[in-house]
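Chain by chain, the residues:
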Amino acid sequence: MKTVFVNVEKCIGCRHCEIACAKEHSNNKDLLSILNDDPQPQPGISVGLGIDFMKFPNRCRHCDPAPCQQICPTGAIYRDEESGSVIVKETSCISCGMCAMVCPFSAITFHRTPAVNTLISYKCDDCIERRKDGREPACAEACKTGALIFGNINEIISSKKQDIVMEITKDIKGIEPSEVPENIRIFQSIKEKLAQLGPMPSSN
Amino acid sequence: MDNTRYDSDKIKKIVKERTTDESAKSALEITLKKGIETVWDRLEKQQPQCGFGELGECCNRCTMGPCRIDPFEDGPERGVCGADADLIVARNFLDDLAVGAAAHSDHGREVVETLYETAAGKAQGYNITDTEKLNTIAAELGIETNKRDKNKIAKDVALALLEEFGTIKNSIQFVERAPEQTKKIWKTAGIYPRSVDREIVEAMHRIHMGVGADYVNILLHGLRTSLSDGWGGSMMATEASDILFGTPEIKETQANMGVLKEDMVNVILHGHNPILSEMVVVAAEDPEMKKLAEKTGAKGINLAGMCCTGNELLMRKGIPVAGNMLNQELILATGAVEVMIIDYQCIFPSIAQTAACFHSKVVSTSEKSKVPGAVHLEFHPETAFETAKQIIKMAIENFPYRNPDRVKIPEKPMKMMAGFSVEAIVKALGGTPKPLVDAIAAGKIRGAVGIVGCNNPKIKHDYGHIQLAKELIKKDILVVETGCAAIASGKEGLLLPKAAELAGDGLKEVCKSLGIPPVLHMGSCVDCSRILVLGAALGKALGVGIDQLPMAGAAPEWYSQKAVSIGSYFVASGVFTVLGIPPKIFGSSNVINLVTQGLENVVGATFAVEPDPVAAANLISDHIEKKRKNLGI
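So the protein sequences, as listed, match chains A and B. If you're matching positions, the first sequence starts at 1 in my numbering and goes up one per residue. If you're matching positions, the second sequence starts at 1001 in my numbering and goes up one per residue.
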């Protein structure tokens, strides 16, 4: 099973993924001509602010079974056999909103598309067109910090598993974990303090 | 119509999170209720903000880019040109610093130009007010004063100062004010500033691709550029303003949004440069204007300052100050502002949109600072008085358009004491800095700290300034302040002699004997140069460099590039400086190590980053005690 895996600790909130996604889903797939598109292309991924200035890139997880697919009364939401991705057939959507209500990630919103001029169910399509060409999803390609990685989930997990073994054994030996560089850890701790002194969401 | 986004409980909660300024709370509530956008809403809408930018690892200078470095060290390690994180971070820092130095220095140049025009008899309504200071500066510049007309001296002084911006003599005269030991450090480090414009231009050159790849070399030039601001551009702004408008003397005035008057024409003077606003003060006193105001049903004309224009006016004229940077939209939300006059710096580009929610008009006055939606009445020294009168007239004519139902002015302005120029401090001490030096030597006062800098909506409005000042005075550390920090303390009541009750026993005793507050208002942000002069005077009195003094700096809520320059000239001058907001350098361990440790061996001082005011006060106190020990006091 291939997916876009989120390393949340590496998301720095640059939102390159959002731009890359909107660009991929625009008419000419070109950043400069996006402004001429009507309707404006919408990103299927959104980076949100959590506590202590932490960030999380949220997108459709292409669940299986997918609650949105199960509840859709018109069969507008279906699974692409080849990629396993959950896709919206725009012309079958009746904008009832049920999919958005049951989505565990609030990853479905309603927008106009070039094909349909009413507000219809809109979400990440897992870049199935790109994947047919053997390319990774636009968001993962745009991510320069390794917060979004596209690949076989078991392979990604097994490499993460090894990282965790290293971290834990280092910790036992009293060696500073190395996954996050020291300068970034200091920065994060300063931001955490700052969050507690201001109006932005904090852990305190 | 009310904005239904928040209920009243939620609004109360948001207001509490955003500001500690009691006088600002009702206006902030109005903005939330009515959906009037403010800086805090925009901060929220900008979330999440880009980490590459926050870490200083984004380079957007050329068209091979934009480039960014992966902070987690797995992705790209160099930009297209080959710059690594150290270089990109250092170039960005130098860029910010140069912008700040340019802002202060360009302001300084305008004041000196006005001094020249005044001396030449071309500036309408201006006079040489402080001849004593004129003569002092003339002597420093080697200009003959004996039996000469003050305008002739002033003309020579202005020309000599204007020359400092591009001088080819390879040094700036005011730099000579520093103690010998401090100057020696600068010479050894190769950071002796050569001229104001040259250092800024060279900074711009150095951030171009392919002009060096050594982050240390780039940052050292940053220190040199900052010195050309602190001991150059900013110091010239301060001194030329003193000559023109008078060196500040201790006086009482008022602070907070309650300084607005319900039955008067309210005019807010916002920005940084005192040149036009001084003339507005004169115009508001004009009998013709007063009569006109009464004719429209107002009891008179009420001027109130905002940000550093406010500081300049309260220091010299005792004009009340309505608030600091984060008050600028809220003051409009009182519905009681007829005109907000702006010059430049720290004026929200959207301010005219905020004003458009009310009858308020924004009047822009600087050729270099035009704002869509504002009325532009350009200021020139030769027509200054006429322009000032025209603006006052516009405010009076706008008074009948005020909607009384929308007016909500907070009740009580806070009393405050201001005007603590170095000259005024020395005068209060009996004509010599010796009593202060003695109090420091005896340990009644452990040391002095300059709290300076801006507001930043990321931290609760004024909280960082006020808490740090309170913590420090508790530890018997004298606090001197400028800019938004000083206004924050004014609103909180820390600029009153009775605030000495909050100080430790030693500082309390000194304050009470002199009748001064434990926190001294030294002026606007260019007046951070006064803190340098104070440091130089203390260093000379003790026979040491500034780096050996029990002295520190802090910018708890800074946002601006100007603060980067101020912090850097503090550190370059030997003053340990604690920043409450992280600078955009955390993408490079090497740059962090240099500015927080390595500089100790170069200029005898470093930066530290600590948002928590209690922890920051402890860092400062430890530093001061270490310096005292080294001095054997």
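Just to be clear, a hint being listed does not mean it is correct.
What the hints assert, rightly or not - The calculated lysine-lysine pairs, modelled on BS3-like cross-linking and capped at a C-alpha distance of 27 angstroms, are:
{"#": "1", "chain 1": "B", "residue 1": "Lys-1295", "chain 2": "A", "residue 2": "Lys-193"}
{"#": "2", "chain 1": "A", "residue 1": "Lys-193", "chain 2": "B", "residue 2": "Lys-1045"}
{"#": "3", "chain 1": "A", "residue 1": "Lys-23", "chain 2": "B", "residue 2": "Lys-1012"}
{"#": "4", "chain 1": "A", "residue 1": "Lys-193", "chain 2": "B", "residue 2": "Lys-1317"}
{"#": "5", "chain 1": "B", "residue 1": "Lys-1629", "chain 2": "A", "residue 2": "Lys-193"}
{"#": "6", "chain 1": "A", "residue 1": "Lys-193", "chain 2": "B", "residue 2": "Lys-1016"}
Stated by the list, open to error - If you only want the chain A side, here are some residues facing chain B, beta carbon under 8 angstroms, derived:
{"#": "7", "residue": "Gly-84"}
{"#": "8", "residue": "Ile-87"}
{"#": "9", "residue": "Met-166"}
{"#": "10", "residue": "Ile-168"}
{"#": "11", "residue": "Lys-170"}
{"#": "12", "residue": "Lys-173"}
These aren't lab readings, by the way, just hints derived from the structure by calculation. Beta carbons are placed, not taken as given, at the ideal position from N, Cα and C, and that holds for glycine.
Please flag the earlier hints that this structure goes against, numbers listed from lowest up. 1, 3, 4, 5, 7, 8, 9, 10, 11 and 12
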